[in-house]
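Participant: Here is how the chains run, residue by residue.
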Amino acid sequence: MDQHAVTPVLDARVVVDRGGFRLDVGLRIGAGEVVALLGPNGAGKTTAVRALAGLIALTDGHIAIGGRRFDDPRTVTFVPPDQRPIGVVFQDYFLFPHLTALDNVAFGPRCHGASRPAAHETAARWLARAGMADLARRKPRQLSGGQAQRVALARALAVDPALLLLDEPLAALDARTRLDTRAQLHRHLTDHEGATLIVTHDPLDALVLADRLVIIEDGRVVQEGDAATITARPRTDYVARLVGLNLYRGRGTGHTVTLADGFVITAADTTDGDAFVAFSPAAVALHLDLPSGSPRNTWPATVAGVQRHGDNLRVQLSGPIGAAADITPAAAAQLRLEPGQLVWAAVKATETRAYPA
Amino acid sequence: MSTHDRGSTRENDVLDVAQPAPVPPPRRWVGRRVPVALLIPAALGLAFLVLPMAGLLIRAPWSTLPQRLAAPGVLTALRLSLLTATVATIVCVVLGVPLAWVLARVDFPGRRVVRALVTVPLVLPPVVGGVALLLVFGRRGLVGRWLDETFGITLPFTTTGVVIAEAFVAMPFLVIAVEGALRGADERYEEAAATLGAGRWTTFRRVTLPLVAPGVAAGAVLCWARALGEFGATITFAGNFPGRTQTMPLAVYLALEKDLDSAIVLSLILLAVSVTILASLRDRWINTP
Amino acid sequence: MRRGWARTALAALAAVTALVGVSGCGTDGSPQTTASSAGVTGAVTVFAASSLTDSFTQIGKDFEVANPGTHVTFNFAGSSALAQQINQGAPADVFASASPATMKQVTDAGNGDGDSMTFVKNQLVIAVPKGNPDRVVGLADLAKPGVKVALCAEQVPCGAAAKKALDAAGVALTPVTLEQDVRAALSKVKLGEVDAALVYRSDARSAAADVEGVEFPESAQAINDYLVIVLKEAPNKAAAQAFVAYVLSQRGRSVLTQAGFQAP
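Residue numbers (my numbering), protein chains in the order written: chain X, 1 to 357; chain D, 1001 to 1289; chain E, 2001 to 2264.
Rather than coming from a laboratory, the hints here were simulated on the basis of the structure.
Listed below are the simulated DSSO-like cross-link pairs for lysine-lysine, each with C-alpha atoms no more than 30 Å apart in a straight line:
hint	chain 1	residue 1	chain 2	residue 2
1	E	Lys2190	E	Lys2061
2	D	Lys1258	E	Lys2104
3	D	Lys1258	E	Lys2237
4	E	Lys2061	E	Lys2104
5	E	Lys2190	D	Lys1258
6	E	Lys2121	D	Lys1258
7	E	Lys2061	E	Lys2232
8	E	Lys2163	E	Lys2130
9	E	Lys2232	D	Lys1258
10	E	Lys2237	E	Lys2104
11	E	Lys2190	E	Lys2121
12	E	Lys2104	E	Lys2121
13	E	Lys2163	E	Lys2144
14	E	Lys2061	E	Lys2237
15	D	Lys1258	E	Lys2163
16	D	Lys1258	E	Lys2164
17	E	Lys2237	E	Lys2121
18	E	Lys2121	E	Lys2164
19	E	Lys2144	E	Lys2164
Can you build the whole structure from these sequences, using the hints too?
Facilitator: Now the structure itself:
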């Protein structure tokens, strides 16, 4: 997907000032591209979506879709939502309760000037694509969560939007439904020719559905890139936790990275200057006695907590550095792990990754 | 009642299969669960409202009822009352719903003052309201004079005048009820409509109105009932003439001049008709399901 | 409905309050028949036809001056409404009606004390706006097309008299409204909503600033006798009788004649 060669469908710098909180993110999405906007609660994701949709006005910056400016405070340009080429799927769907599923999906086309029969035909087609043909005459309250989600998506797609916005599209679903719906959603998004922005807090959604991830925290973009890059090289605690890594920042000199309090980590890569170093919880081995052998990184730690993590146990360690370690239940039994227990943690240098900050 | 639940259906998440249209559970008598502290004042309140009507029923001249019912003018007054109340309600809905929308959705300077002004007919004694209407729409009134000179239209002493008087006193009920319903409606449905391409008027027509329809219906019912019972403004502004401006309340008052029994019979007729109409309105239409 | 009942309630409340306030004084057993008697005190509630509004208010004031310690409150409304209220038990001391028929309603129900007395008569005139812009000279002019006339409803004494007069003149008249009391009909003329109304001479005179009264010969056929009576359940019978005596006295008569009523 070479989006640099052509003008992106969405070209926006969203700046919104809201009572002490300032959102300032740049977004560029090309045709057919799916971008996930990921971040913790309160990061400003929903504000960004509402600004793109035209439900709130920008304080600064600009929003351009398909080359046309829809919001530009500097030139006092503001186009209301009903005149923007967008389709929005809200977190709680907001299907019109007094209309059937078919009428809901036909609502958009009719507003855009289609005649009633034409709009119904379009709606029927979209519902069939979503596998909802036999539920077309149902009212929203007669639909399950997953069905409502599909109708909401069909409703947004029926207007053939240049920019599709999805605000936490799977958040209202239970785990099982989410699995199926995510797969369906992926298929629809792959077929969609316009630009798509998904807002989510679930990294799995982002990884499955998106071509590119944009991570925002406190109103700013902290990392951007495809899933592989971000997973391999997280740049903030949030992202690290997201992808399940132990992450530290310090001064790199050759193969070692010195952290702020003096702790030194030996890494496989060389770095120079401000650097990150990360290793997976699975790379941490725990011993009751000081281990001998190859691990370059060894330190005394105290067990702060133990939780189940899939089939294994995740042990939270406190000490000169905080870290998470994954060990098998059998190993845990041997070690007799309880909070407050003193252990030795060891990580091989080859299992660490260091990269410039 | 939560309009929020219209769009999301969390309760059905467990099984993501096509559900048959759900059947509402049968209503159960929950008398045992009503606290006594509420039941007693409720019973007193009900008695307070119902006993005067019971008084009318007991005191009614049942033996002479048939010939009194057939008396001339009774049916005319009743028909006129029902007609004017209904037309007045239509006027109130056509003018009052947009007014309620502006008060609920548009933030303009002086909104609070306007809202207070809308309730003025509620506190004004109806006769004073009638006099005020005369001063504006009467033959020498601010607007009435122009109407008379330009079009030869006079409003006092006409059936139209009755409709105007009734609409004046009843409109606040409708505006307040609809404004309340609009404030309670979730604006995010309107946002969804906007993102789908609906302008403000289309959104109002196809999303907002259907969502608040039960509130509008409830307001219209109140409005109709109030218009039906109006006396002071009607007799002052529209006068009293059988067939043209003599509504049931006026007929009752004048019957009272002659003899109490006629007045009671007329009141009972009015009561019976209104209670029948109000009771036949399905609960579903005026309460959010 | 509201005007009459509201005022009844107010009058009742005033009467009760006054009674509670001056309980024990003001009522002595012997009936007073002279115009001013030093021993009469207390509250007097008078129900009077609305056409007596101005004259009786003045008489009330004079009575209070002549009998210090008394306080007169009035309930002015259509005579038939007042008769209804009295028969339903509204507390009043004196009833003054605008027709024998309405007085009969009260005496037939046994609510009168002694005999009623005719104290004045009233004649109808045609009330027109000051200056008589439509040049009305007689009842026939009222039937002309385009002339809006307000009459009292037949159930009210003024309306019954108007019907008699119109029948006597052989004039078929369709009014635009049938008001529930004569003051309401008069106010329609004052407001300019109607071109003429058939009211009592006393009413036309009371609104002399805005209205003038046109005499017509047939009014002699429909003269209304006004009667007054002390009520049987009067809370303050002594003062009630004193008030009636005052109305019938010369001082009372002169006030009434000045207002446009005729001597009986």
